[in-house]
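Q: Start from chain F and add chain W according to the hints.
For the protein sequence lines, the chains are F and W, in the order given.
For the record, in the first sequence the residue sitting at position 303 is 303 according to this note's numbering, with numbers rising by one throughout.
For the record, in the second sequence the residue sitting at position 379 is 379 according to this note's numbering, with numbers rising by one throughout.
Heads up, some of the hints might be wrong.
[As the list claims (entries may be wrong)] Stretch-level coverage of chain F by chain W, calculated; a stretch enters the list once three of its residues show a Cβ under 8 Å from a Cβ in chain W:
#1 105 to 115
#2 148 to 156
[To be verified] Derived lysine-lysine pairs resembling DSSO-like cross-links, with alpha carbons at most 30 Å apart:
#3 K177(W) to K272(W)
#4 K107(W) to K126(W)
#5 K194(F) to K107(W)
#6 K304(F) to K113(F)
#7 K55(F) to K305(F)
#8 K68(W) to K107(W)
#9 K304(F) to K215(F)
#10 K225(F) to K272(W)
#11 K110(W) to K225(F)
#12 K292(F) to K61(F)
#13 K219(W) to K113(F)
#14 K225(F) to K183(F)
#15 K177(W) to K55(F)
#16 K129(W) to K110(W)
#17 K251(F) to K292(F)
#18 K68(W) to K368(W)
#19 K188(W) to K113(F)
#20 K293(F) to K304(F)
#21 K368(W) to K99(F)
#22 K110(W) to K99(F)
#23 K116(F) to K368(W)
[To be verified] Quick list of the computed label-pair ranges, beta carbon to beta carbon:
#24 G282(F) to T291(W): 39 to 47 Å
#25 D234(W) to I112(F): 44 to 52 Å
#26 R192(W) to E394(F): 36 to 44 Å
Because the hints were derived from the structure by calculation, they are not lab data.
A virtual CB, placed ideally from N, CA and C, is assigned to each residue, including glycine.
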Amino acid sequence: MHRVRVSRFACLLVAGFLMMQAATGDDIADRAHKLHFSSIVLDTHDDTTQRFFSKNFDIGKRNPDGHIDIPRMREGGMNAIFFSIWIDGRIMGPPAVQKALDQIDAVHENVIKYSKDMVFCRTAEEVRRAHAQGKIAALIGVEGGHMIGNDIRVLRMFGDLGVRYMTLTHFYNDEWADSSTAKPEHNGLTDFGKDIVREMNRQGIMVDISHVSDKTFYDALEVSKAPLIASHSSCRALCNHVRDMSDDMIKALAAKGGVIQINYEKSFIDQAYKDAQDKFSGGVVAMMDQLKKECGDNEECVNKKMTEMADKATAEGKLPHVSWERIIDHIDHAVKLVGADHVGLGSDFDGANMPEGMEDCTHLPRITEALMRKGYSDDDIRKILGGNLLSVMEQTERVSREMRAAQ
Amino acid sequence: MCLGAGIVLAGAMARASAAGDISARAKQLHFSSIVIDTHDDTTQRFLDGGFDLGSRNALGSIDIPRMKEGGLGAIFFSIWIPSKITGPEAVKRALDQIDAVREQSRKYAKDLMLVTTAEGVREAHKQGKIAALIGVEGGHMIASDLAVLRAYAALGARYMTLTHSGNCEWADSSTAKSEHNGLTEFGKDVVREMNRLGMVVDISHVSDKTFADVLEVSKAPVFASHSDCRAICDAPRNMTDDMIKRLAAKGGVIQINYHVGFLSQEFRNAEKAHPEWEKAIALEIQRRCGTREGCQLIEGDRITREYVLRGDLPRVEWTKIIEHIDHAVKVAGIDHVGLGSDFDGANMPFGMEDVSKLPQITNALLEKGYSEDDVRKILGENTLRLMVEVERVSRELNAAK
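So here's chain F without its partners, still in its complex pose (with noise of 0.2 Å):
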């Protein structure tokens, strides 16, 4: 953001004083900064969720740790959140279901507590609605069907409470769909798993295929009315991670009309830095169970420990930097694969190991100000910062409605 501002002032005075013509770095940078600050700009995937239980963190205020707040989102443009409800995938049955719907009441508490800041949406346009009003839309997505307690009436509660999308597993296979970390138990998709995404069609709930593995993402993918979404995941291609999508499964994900949320975790968005963490830590899943048999069920207590032994294994070289801009590489593969209308943004911030340069939500206005450099176009950018995944909503809500009428 100082950068930013620095530019535009540069920009201002090489206008004012030296009368130059447009076209010149600056003047991109000033393009980008009300390109973005006049855009809905969604993140379909955070973590901060956790942090309402937290007595030291609140939404509403700056803090001094973590990536996410109302004043750091004000000056990142970032208009449009889904919160993400989360719980360790080995929680299942009746207690998964009253944690989750602890997480669900906290966020809509929080919109509650900050409704001059924030508005609670369901739907594509009540968040054009909340953004033509200066507020931030607040969303809910649900990371793991093991949440739902094996109990479709569950997930339809959820709905109603707000819910709009599921991501069918976490790092560990749920009692209907394999997931990408997990040792396959079910081949993709149970018979169950596939009435759990026809009832989210029905229930115009997003059908989310992060975490997933690959063949419960193609079990998804057919059995789906609605296009699906990648919440949180990058580009195989560019890192050879489990939890990012191979150039095949994202254009098949396209063709269907869904959407890569592009993910900004170092270890899914470089290859030297996930080989590098898979000798250290013997990968993700790996060091997030570490993680938890130290901090407990205190998920505040993991993220700091998470992003404090990655900045010290970086500082002592046996992790490799990481770039914000390799964000931008995942975006344009994934763009260059499949066209500028199924790329979007779901961060994982709160939750993941975020690259030098984009350590909190502040620092978002540069991904806009990067794909103009590369040359995108201002509709472009629009649609990966939040308008692909709108049309996606929009879609999944039509699906529900044809349903439901047909019912």
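A: Chain W in isolation, oriented as in the chain F frame:
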């Protein structure tokens, strides 16, 4: 089988004779009024399977055709699980039932309209639909978690009975040994949060001390969703005259329950004299229904009636309901009495086998000399006034935050 046929026949005869007795004036009044029932256990039948709310059923007391026939304009579907089930398991099962009510409302959108406010009830009535509302019968279902309470409210629950027949973690029941001396501090927070959420605090089932604590804490009027008068039938589930007066003084309403064991002292005495029958009935219910809870509630009513028909238990007439209404009106005034049948969850008196018999109540009250305005109040207007008041307190509390 023969017995079953006998019951059906008796039911049909009662219906015919009752229908003939309804005056034109009573019919006109009844079918133009908003008739509200604040407690029906039909929800459990949705989960049993094999029950269709949309068609006329031979068993049970509630379905859409019979609600229309009886002129019922608004129904509170009760979310209920036994109070021994607590914690997350209770939460998940309550969600299942809330979903079932919401799904039925969607399925029969032509006839039903899920609403959460007094205004919504009036709107449904205007559209010729039955207003469907949700009440949670027992604080054990929130698992001591205000976030869960808020989720229920967000999903449409508009009242919560603080306990069922057992104590919950934060409130004493009228039918269990006292362990909290009424409401605990957390229990008081639950009541305050219900006020903020615009949920009616329901004091049916709770101990007298819990009731007194609630009256002190609640900023909004409260109701007894399905309780009767202890002065007529001395059951702990009923309210003393003093309690009814204090409830009314705060603007509350006692919604009269049709369960024979709460209506009739004679029936209650006979039941108490033979505790072995209660056990036998429980066993027979188990045999007929297994774990299907909707079935259990309905078979309980049928088996009890078999005991009545063979002369073991006394026969209680539906006119007992009128006695309780009239007593409560005399004690608390006309503005504080309503209807909370307990259909599909209790043992109905003769002549009130199902919801189609409701016009008899209007007829009887007119015959007793009640004015048409007074009858409308009892049929639903008192409950609507209470809801409006609870909504107003909620708005004020939210604005003051």
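Q: Now, for every hint given, state plainly whether the structure supports it.
A: Hint by hint, here is what the structure shows:
Counting residues of the stretch 105 to 115 of chain F whose CB falls under 8 Å from any CB of chain W gives 4; the rule of at least 3 is met. Here's how the stretch 148 to 156 of chain F fares: 5 of its residues keep a CB closer than 8 Å to some CB of chain W, so the rule of at least three is met and the hint holds. At roughly 18 Å between alpha-carbon atoms, K177(W) and K272(W) fall within 30 Å of each other, so this suggested pair holds. For the hint pairing K107(W) with K126(W), the CA-to-CA distance comes to about 20 Å; that is within 30 Å, so the pair holds.
Restraint check: the Cα-Cα separation between K194(F) and K107(W) comes to about 22 Å, which is no more than 30 Å; the hinted pair holds. Between the alpha carbons of K304(F) and K113(F) the distance comes to roughly 26 Å, so the proposed pair stays at or under 30 Å and holds. In summary, the hint linking K55(F) to K305(F) is supported, as the alpha carbons are separated by about 18 Å, within the 30 Å threshold. For the given pair, K68(W) sits about 17 Å from K107(W) by alpha-carbon distance, which is consistent with the 30 Å threshold.
For the proposed pair K304(F) and K215(F), the alpha carbon gap of about 34 Å is over 30 Å, so the pair is violated. As the CA atoms of K225(F) and K272(W) are separated by approximately 60 Å, the hinted pair breaks the 30 Å bound. Of the supplied pair hints, the one linking K110(W) and K225(F) holds, its CA atoms being roughly 27 Å apart against a limit of 30 Å. Distance check on the hinted pair: K292(F) and K61(F) sit about 27 Å apart at the alpha-carbon level, within 30 Å; holds.
For the hint pairing K219(W) with K113(F), the CA-to-CA distance comes to about 22 Å; that is within 30 Å, so the pair holds. With a C-alpha separation of about 28 Å, the suggested pairing of K225(F) with K183(F) holds against the 30 Å cut-off. For the hint linking K177(W) to K55(F), the alpha-carbon distance of about 38 Å lies beyond 30 Å, and the restraint is violated. Between K129(W) and K110(W), the direct Cα distance comes to roughly 7 Å. Compliance with the 30 Å bound is thereby established for this hinted pair.
Among the hinted pairs, K251(F) with K292(F) is inconsistent with the structure: their alpha-carbon atoms are about 36 Å apart, more than 30 Å. Distance restraint check for K68(W) and K368(W): the Cα-Cα separation of roughly 25 Å lies within the 30 Å cut-off, and the hinted pair is therefore satisfied. About 22 Å separates the Cα atoms of K188(W) and K113(F), which keeps this hinted pair within 30 Å; it holds. For a cut-off of 30 Å, the pair hint linking K293(F) to K304(F) stands: about 14 Å separates their Cα positions.
For the hint linking K368(W) to K99(F), the alpha-carbon distance of about 54 Å lies beyond 30 Å, and the restraint is violated. Restraint check for K110(W) and K99(F): the C-alpha separation of about 36 Å exceeds 30 Å, so the hint is violated. For the proposed pair K116(F) and K368(W), the alpha carbon gap of about 56 Å is over 30 Å, so the pair is violated. Range check, G282(F) to T291(W): about 46 Å between beta-carbon atoms, so the 39 to 47 Å window is met.
The hint said 44 to 52 Å for the Cβ distance between D234(W) and I112(F), and at roughly 46 Å that hint holds. For R192(W) paired with E394(F), a C-beta distance near 41 Å keeps the hint of 36 to 44 Å intact.
Going through the hint list in order, the structure does not satisfy hints 9, 10, 15, 17, 21, 22 and 23.
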